[in-house]
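Between the sequences and the hints, there should be enough to build the whole structure, so can you do that?
Chains as they are written, first to last, in my numbering: chain W, 1 to 439; chain G, 1 to 274.
Wrong hints could be hidden among the right ones.
[Claimed, not checked] List of simulated lysine-lysine pairs, DSS-like, C-alpha gap at most 27 Å:
1. G:Lys33 <-> W:Lys145
2. G:Lys62 <-> W:Lys93
3. G:Lys265 <-> W:Lys93
4. W:Lys133 <-> W:Lys145
5. W:Lys131 <-> W:Lys145
6. G:Lys33 <-> W:Lys152
7. W:Lys246 <-> W:Lys387
8. W:Lys131 <-> W:Lys93
9. W:Lys131 <-> G:Lys33
10. W:Lys133 <-> W:Lys152
11. W:Lys336 <-> W:Lys301
Just so you know, the hints here were simulated from the structure itself, not pulled from any lab data. Since we're looking at a predicted model, the values are computed, not measured.
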Amino acid sequence: MAASVSFQGVGKRFRRGAVHESLRDLLALAARRITGRKSRTSRQTFWALRNLDFEVAPGEALGIIGPNGAGKSTALKLLARILRPDEGSIQVKGRLAALIEVNAGMHGDLTGLENIFLTGAIMGMNRAEIKSKLDAIIEFSGIEKFIDTPVKRYSTGMQARLGFSTAAHVSPDVLLVDEVLSVGDVAFRHRCEERMREMVDAGVALIFVTHNLEQMRSICHRTLVLDGGEPTFVGSPTDAVGHYLKATMNRIGELSYVDNPRSEHTDGEVLGMTFLAADGSEVECVCPTEPLTMRMSFMLKRDVQRLTVETAIRRDGGEMMVSLNSRHQGITFQAKAGRHDVSIDLPSFPLGGGNYFAIVRLWDADRSELLAETPYKFMLQVDDRGKGTGLLSLPHEWSALKTVEPVVQAVRTAHPTEVIADTGVAAHDVNKGLVQPSP
Amino acid sequence: MSTLSAKNPFSELFSYRQLLVSLVWRDLRVRYKQSLLGMAWAVLLPMSMMLIFTFVFTRAVKVADGLDISMPYPLFAYTGLVPWTFFSASLIGSVNSLVANRNLVTKVYFPREVFPLSSIGSAFADFCIAGSVLVGLVAYFHFTTSWTFELTPAIAFVPVIVAVQIIFAAGLGMLLSMANLFYRDVRQLLGVGMQLWMFLTCVVYPIHNDGSWWGVIAMCNPMTPIIKGYRQCLLEGTLPSGGAFLAACATALAVFALGWWSFRKMSYKFAECI
Numbered sequence: 001m002a003a004s005v006s007f008q009g010v011g012k013r014f015r016r017g018a019v020h021e022s023l024r025d026l027l028a029l030a031a032r033r034i035t036g037r038k039s040r041t042s043r044q045t046f047w048a049l050r051n052l053d054f055e056v057a058p059g060e061a062l063g064i065i066g067p068n069g070a071g072k073s074t075a076l077k078l079l080a081r082i083l084r085p086d087e088g089s090i091q092v093k094g095r096l097a098a099l100i101e102v103n104a105g106m107h108g109d110l111t112g113l114e115n116i117f118l119t120g121a122i123m124g125m126n127r128a129e130i131k132s133k134l135d136a137i138i139e140f141s142g143i144e145k146f147i148d149t150p151v152k153r154y155s156t157g158m159q160a161r162l163g164f165s166t167a168a169h170v171s172p173d174v175l176l177v178d179e180v181l182s183v184g185d186v187a188f189r190h191r192c193e194e195r196m197r198e199m200v201d202a203g204v205a206l207i208f209v210t211h212n213l214e215q216m217r218s219i220c221h222r223t224l225v226l227d228g229g230e231p232t233f234v235g236s237p238t239d240a241v242g243h244y245l246k247a248t249m250n251r252i253g254e255l256s257y258v259d260n261p262r263s264e265h266t267d268g269e270v271l272g273m274t275f276l277a278a279d280g281s282e283v284e285c286v287c288p289t290e291p292l293t294m295r296m297s298f299m300l301k302r303d304v305q306r307l308t309v310e311t312a313i314r315r316d317g318g319e320m321m322v323s324l325n326s327r328h329q330g331i332t333f334q335a336k337a338g339r340h341d342v343s344i345d346l347p348s349f350p351l352g353g354g355n356y357f358a359i360v361r362l363w364d365a366d367r368s369e370l371l372a373e374t375p376y377k378f379m380l381q382v383d384d385r386g387k388g389t390g391l392l393s394l395p396h397e398w399s400a401l402k403t404v405e406p407v408v409q410a411v412r413t414a415h416p417t418e419v420i421a422d423t424g425v426a427a428h429d430v431n432k433g434l435v436q437p438s439p
Numbered sequence: 001m002s003t004l005s006a007k008n009p010f011s012e013l014f015s016y017r018q019l020l021v022s023l024v025w026r027d028l029r030v031r032y033k034q035s036l037l038g039m040a041w042a043v044l045l046p047m048s049m050m051l052i053f054t055f056v057f058t059r060a061v062k063v064a065d066g067l068d069i070s071m072p073y074p075l076f077a078y079t080g081l082v083p084w085t086f087f088s089a090s091l092i093g094s095v096n097s098l099v100a101n102r103n104l105v106t107k108v109y110f111p112r113e114v115f116p117l118s119s120i121g122s123a124f125a126d127f128c129i130a131g132s133v134l135v136g137l138v139a140y141f142h143f144t145t146s147w148t149f150e151l152t153p154a155i156a157f158v159p160v161i162v163a164v165q166i167i168f169a170a171g172l173g174m175l176l177s178m179a180n181l182f183y184r185d186v187r188q189l190l191g192v193g194m195q196l197w198m199f200l201t202c203v204v205y206p207i208h209n210d211g212s213w214w215g216v217i218a219m220c221n222p223m224t225p226i227i228k229g230y231r232q233c234l235l236e237g238t239l240p241s242g243g244a245f246l247a248a249c250a251t252a253l254a255v256f257a258l259g260w261w262s263f264r265k266m267s268y269k270f271a272e273c274i
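Printed below as a string of structure tokens:
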């Protein structure tokens, strides 16, 4: 199938420093040119984005991640035709809707309803189309009660909901989403994710830029990592997150060793941490059900009577998953100056699929002194074979099926609404809570 | 496969006509929300200007009788001030339209011409409202003074004059909004410029080409035959006098062509420079 979006060798260059904004500056510049003096404002340029090649097929969701200033938003703006590339070519097939700041066109003095028409027109819908989708938009936004209130009285979250609801009903062929979902509450974010999945399933090509790695992984099929304006990785979302975080953690590591004054005069140094499979081979990726050994190597510059060792593991999104401290097991080590290894044996590693980052800390328990500490830089990937079990991969067993009471076939012929009526008061009350009275 | 190369500019702009309507409607809604008099302001502004100039020319300096005009001075002033207000509101609205819609320019794509054109659109709405009051003014002077109004077929030519004025304003508006994007001084200069331009145009007094440098400048100004044209068609029952009006049409078209061409050529830079 032909790609919906294709980037070929795309590059975008920006000028460093301020562009003269008033005529006075221009005159000054002209005067300097005439007198031959060098301008103080240098005309240097830099590439915000370079060598970007990718394609997105209809019905595919591509995630773009990367640190701040990596060129993510520039890529989206190029795609949305707000910027023009300085090299390469971009092709887009069909109608494009960009959820880049959905509130850009809103006006605070207009009511929610008026803003739906305005935002819809800005996004390329005609009046008849907006009218036909109006009920769906209002319902999706969940702000029926305030639809005739000027938007300036809305909360930030409500404004974002109104904007997203309108944009989500544009029915595009290509959808760009840039961080708009970070506002809005959990329920609305969930609804937006659902809507995005629905659109992708219906054949929309989605390009999703975000810092929320968990959300990205749950929506996207493929992920592109940008760093310093260049693509550094394309592949499965989990691998891409691993690649991105590894690069980021290394960078944090370099920084913290320079900045952290504690590391200067400590008496220990962590040399490394390796992950070993049951057969003793070194691994970077494990299966949650298999045994795992975590081996830490470190150096002590003096004898320590009661050494405690700690490791902590975070998931890629940043959640602290577990901390293993030898002292919690009542274990301390007596260690002389020199190089040492210590291992933790785990019968299994019951965490969900994803990337995990570990640290090592060494303590002198007698003096409560931190001897050495690393950043979260030791990476271990857990492969759950795409099962997506969540944060954990709990060992568990299912029982055999037992039929408690067989259902008599004849009951199923009744009309569904009658069944609800027949179930009596309880079901009726539940309905009351759920169904909004129609105006 | 549609590419990012420029499409036919006319059809692209046409496909965004509903957005243009929506933006004009937004401007009007926002302008008259939270205001007691609302749309009446569209009439009150040129009306009060007319009263001021009537006072100045008939009471303060008493030159109205020597002005060589074929109609009561208030009518003369109003038929000049209403189109002039439209023209100056078009330009003053356009000049700031890109910068004021910075959010949209940097976040959403659509033809950027929509911004200056929507400013002209909302000024046009005010123009229509203010223009309709002319009927009442004409009736008042017809029945209370020796001046009489005659309905002539020339009145059918008014839409042509309006169209020429809009084309001229659109061309200038695009040039100015673009210039203001790069140099914000343009907006400040325009305020002074419009004052000067008004007195170089036959808005509140007639201008005759008497061969002096002043007369030549005033006659080369395309707004002079345009404003004069409104009075001729509406109140004097004659078509605009040939040469000057045709020259104004040609100038308007040339300015529009230059404005639109350069606007399209530069528009990809707007999001970076704003």
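| task | Please name the hints from earlier in the document that this structure breaks, with their numbers sorted from lowest to highest. | result | 2
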